[in-house]
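Asker: Listed here are the chains, written in short residue letters.
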Amino acid sequence: GAVVSQHPSWVICKSGTSVKIECRSLDFQATTMFWYRQFPKQSLMLMATSNEGSKATYEQGVEKDKFLINHASLTLSTLTVTSAHPEDSSFYICSARDHRTTFPYEQYFGPGTRLTVT
Amino acid sequence: GEDVEQSLFLSVREGDSSVINCTYTDSSSTYLYWYKQEPGAGLQLLTYIFSNMDMKQDQRLTVLLNKKDKHLSLRIADTQTGDSAIYFCAETHNNAGNMLTFGGGTRLMVKP
Numbered sequence: 001g002a003v004v005s006q007h008p009s010w011v012i013c014k015s016g017t018s019v020k021i022e023c024r025s026l027d028f029q030a031t032t033m034f035w036y037r038q039f040p041k042q043s044l045m046l047m048a049t050s051n052e053g054s055k056a057t058y059e060q061g062v063e064k065d066k067f068l069i070n071h072a073s074l075t076l077s078t079l080t081v082t083s084a085h086p087e088d089s090s091f092y093i094c095s096a097r098d099h100r101t102t103f104p105y106e107q108y109f110g111p112g113t114r115l116t117v118t
Numbered sequence: 001g002e003d004v005e006q007s008l009f010l011s012v013r014e015g016d017s018s019v020i021n022c023t024y025t026d027s028s029s030t031y032l033y034w035y036k037q038e039p040g041a042g043l044q045l046l047t048y049i050f051s052n053m054d055m056k057q058d059q060r061l062t063v064l065l066n067k068k069d070k071h072l073s074l075r076i077a078d079t080q081t082g083d084s085a086i087y088f089c090a091e092t093h094n095n096a097g098n099m100l101t102f103g104g105g106t107r108l109m110v111k112p
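Residue numbers (the working numbering), protein chains in the order written: chain A, 1 to 118; chain B, 1 to 112.
Don't read these hints as lab results, they were simulated from the structure. Quick reminder that beta carbons are idealized off the backbone N, C-alpha and C, glycines included. No incorrect hints appear here.
Computed list of lysine-lysine pairs in DSS-like fashion (alpha-carbon distance at most 25 angstroms, straight line):
1) B/Lys70 / B/Lys56
2) A/Lys64 / A/Lys14
3) B/Lys111 / A/Lys41
4) A/Lys41 / B/Lys36
5) B/Lys56 / B/Lys36
6) A/Lys55 / A/Lys20
Computed from the model, here is a short list of chain A residues facing chain B with C-beta under 10 angstroms:
7) Ser9
8) Lys41
9) Gln42
10) Cys94
11) Glu106
12) Gln107
13) Pro111
Sample of chain A residues lacking proximity to chain B, with all beta carbon distances greater than 12 angstroms (derived):
14) Thr17
15) Glu63
16) Lys64
17) Asp65
All chains, full assembly: derive it from the sequences and hints.
Answerer: Below is the structure:
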């Protein structure tokens with residue numbers, strides 16, 4: 001089956017530093033990847049849609065200069081949290097769409113990355 | 001905009017059936033999904049149903065869709081302790097491309 005990995009699974013960083021999270025589709029090519037944020041005991045909030053070879057589309061209220069997304073290949077998208085602050089601490093989940101599928105475009109989710117900013 | 005709502009919590013005894021409910025507002029919803037999230041993990045797609053279907057069954061899982069009332073349910077038969085998790089319903093529609101709208105999640109606790 002389709003597998004999506006994320007790295008790292010857990011990261012602690014100091015306030016003001018930047019953190020990069022990788023999302024990889026391991027056995028399929030993903031023209032589109034999605035980045036979600038999940039606060040404790042809450043649902044997933046879509047942050048941005050990442051299309052291979054083009055700029056990401058950010059949801060309203062998400063700062064594109066703070067959350068840099070790069071989707072340079074069909075199997076890799078990265079999310080960089082720049083100048084992280086404690087309020088950026090959250091669980092970040094990516095998902096990837098298999099480019100071979102048609103609607104409903106099943107999304108495969110990564111295991112998530114827990115970011116803690118101290 | 002679209003809105004998907006679920007009750008927050010459900011507790012059942014092992015061996016009983018669980019029914020998790022979801023309501024949505026978007027009448028153009030085309031596909032509705034159920035995802036399972038175990039602690040500290042990503043989402044696992046359990047099943048999905050097309051809006052022109054009333055019911056879908058897959059082993060212990062039964063999905064019922066009442067399109068008139070915009071109500072979706074997931075029934076888990078013979079619930080096991082391993083079914084303890086958060087269950088999210090989600091919807092998408094043709095005009096949304098790939099975008100999923102998620103409900104708030106229902107935490108299912110299965111007591112032995």
